[in-house]
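Novice: Top line first, the protein sequences correspond to chains A and B. Read in numbering that gives the first Met the number 0, the first sequence has 77 at position 78, and its numbers run on one by one without any break. Read in numbering that gives the first Met the number 0, the second sequence has 113 at position 114, and its numbers run on one by one without any break.
Just to be clear, a hint being listed does not mean it is correct.
Output of the computed footprint for chain B on chain A, the stretches with three or more beta carbons under 8 Å from beta carbons of chain B [as the list claims (entries may be wrong)]:
{"id": "1", "region": "52-62"}
{"id": "2", "region": "81-87"}
{"id": "3", "region": "94-102"}
Label-pair distances were calculated between CB atoms; the ranges are [claimed, not checked]:
{"id": "4", "chain 1": "A", "residue 1": "173", "chain 2": "B", "residue 2": "24", "range": "26 to 36 Å"}
{"id": "5", "chain 1": "B", "residue 1": "174", "chain 2": "A", "residue 2": "242", "range": "30 to 40 Å"}
{"id": "6", "chain 1": "B", "residue 1": "2", "chain 2": "A", "residue 2": "22", "range": "11 to 21 Å"}
By construction, these hints were calculated from the structure, which means they are not laboratory data. Just so we're clear, the structure is a prediction, and the values are computed from it rather than from any experiment. The beta carbon of each residue, even a glycine, is placed where N, CA and C say it ideally should be.
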Amino acid sequence: MTTNEHEHELAIAATGLRKAYGDKTVLDGIDIRVPAGTIFSLLGPNGAGKTTAVNILSTLISADGGEARIAGHDLTAEAQQVRAAIGVTGQFSAVDGLITGEENMLLMADLHHLSKQRGRQVTAELLERFDLTEAAKKPASTYSGGMKRRLDIAMTLVGSPRIIFLDEPTTGLDPRSRHTMWQIIRELVSGGTTVFLTTQYLEEADQLADRIAVLNGGRLVAEGTAEELKRLVPGGHVRLRFTDPVAYEQAATALRETTRDDEALTLQIPSGGSQRELRAILDWLDAAGIEAEEMSVHTPDLDDVFFALTGNPVTATDKTDKTGKETVR
Amino acid sequence: MSTASYALRDNLTMLRRNLLHARRYPSLTLNLLLTPVILLLLFVYVFGNVMSAGITGGHADRSEYVAYLVPGILFLTAAMTSLGTAVAVATDMTEGIMARFRTMAISRASVLIGHVIGSVIQTMMALVLVLGIGLAIGFRPDASPVEWLAAAGLMALVSLALTWLAVGIGLISPNAEGASNIGTPLVMLPFLSSAFVPVDAMPGWFRWFAEYQPFSPFIETLRGLLLGSGIGTKNAVLALAWGLGLTVLGYLWSKARFNREPRQ
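Chain A on its own, in the form it takes in the complex (with noise of 0.2 Å):
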């Protein structure tokens, strides 16, 4: 096996992949490259082909095209070696629901060719580390989502791979269970572990990830660091908010570069959030004898990124289509 250099710093090197169920096409040629040692977030709303790719490059199916090396072996014809690098935490819960959690780590440590007495001391190590020692006895489908998701996850890390795919780890999950299962993501990579994360939430991969792609109808339509991505959207806007729909209706006709939500009665305008910039929306309401009743400035966030690039695919930096805004989270 030839591995240069280059490769070599990389977990996740993907060409061109490619994957279609009948004539629907779910990916449409991606690349990812993920050096080892990071977290790499692929986020998208449901629907953009985000476990596809985690299937695909966790040798669960094959492409339809495009090659991967992952951890340094071939995708197709090393999967075995693929395989015994990498961990999978996917969607659904990948815990047998029969038997105890302490039962499920030491199937995995089985699987994983350790010794007896290997086995039982990685399994405690991690059932306390994730604070399960307390449910280890008791059957894994008795336990709570967030329990689940930890059961999952310290299932994943009893081989120690080296690349882990963690398949929207919080989806379902109460903010507090969402927060530890952060910690647990940040403590992974401090250990050298390669993390390639999907997530349909724009916080996540701000938090975690060191670099982002976005996923959009099987297409990477961005990526890079969270600052390059915001970055990609100049300028936020003002929102202005109204009470009396009157007013909101003559402010709405009057200023035209505006996004409108008539149910909420709030009309936001493109603007940079400078001094200069609100004196004249101020100046503007005044003269036109309209009241708001709240007036806040928005820098660009992720979100903005995010429906620049979904919601709007025809050009990035078109502000105007924001209304799909709720439907995703």
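Knowing the structure of chain A, use the given hints to seat chain B on it.
Specialist: Chain B alone, transformed into the frame defined by chain A:
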């Protein structure tokens, strides 16, 4: 360790998992055992005299019918427990842990082999139990140790064949209900065999099917081994051919289905 010894260890690990499931949730297997046991008691104690009179062509003697019936009930038991295997495999395939197994560097076949060996062990235990009930209600085999051994071998082979078929059924079923439905014809076959009445007593057009379908040769061979009645080369050969053939067929089918890419 070599690849082969790793594979062996994976098989044992999966077998342990399977037996652990069976031990924790024995109700499925026990429920399936109820049918053959009830049928055994019903046909011996309620219909016994009539059945026996019909078969021997005269005097009614339910103890003679016990001897006739038990071998058939044993294979019905094997068929019923294999239905449990189909359900267990179908359920297992819907579990998230299956995706984990598929992405681990383990012997892939071990997932199925664990099910198969576990199921054959459970079936053999069920057969011993049902045979015990048979003995308790007056079944008196006169087999020599060699014949007993051959009978055990035959039952193990049939269990293996039915289990591999059941694994295939479990793999093509979307869920437990589906497996139970698709597996029903397998469980019906013993009823259409010489288990309850001799094939000679069946209508002509049906007799051919009843005579050559797998269960009649299985049952006739077991009767011959346990009761000293004639087996006949035809039945022995058919029983072995069906047993080996279904095992190979079920194995290849299951393997192909399992290696097929999971749909999302």
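Novice: All hints, please: hold or fail.
Specialist: Hints and how they fare:
| no. | hint | result |
| --- | --- | --- |
| 1 | 52-62 | holds (count 6) |
| 2 | 81-87 | holds (count 4) |
| 3 | 94-102 | holds (count 6) |
| 4 | A:173 <-> B:24: 26 to 36 Å | holds (30 Å) |
| 5 | B:174 <-> A:242: 30 to 40 Å | violated (53 Å) |
| 6 | B:2 <-> A:22: 11 to 21 Å | violated (40 Å) |
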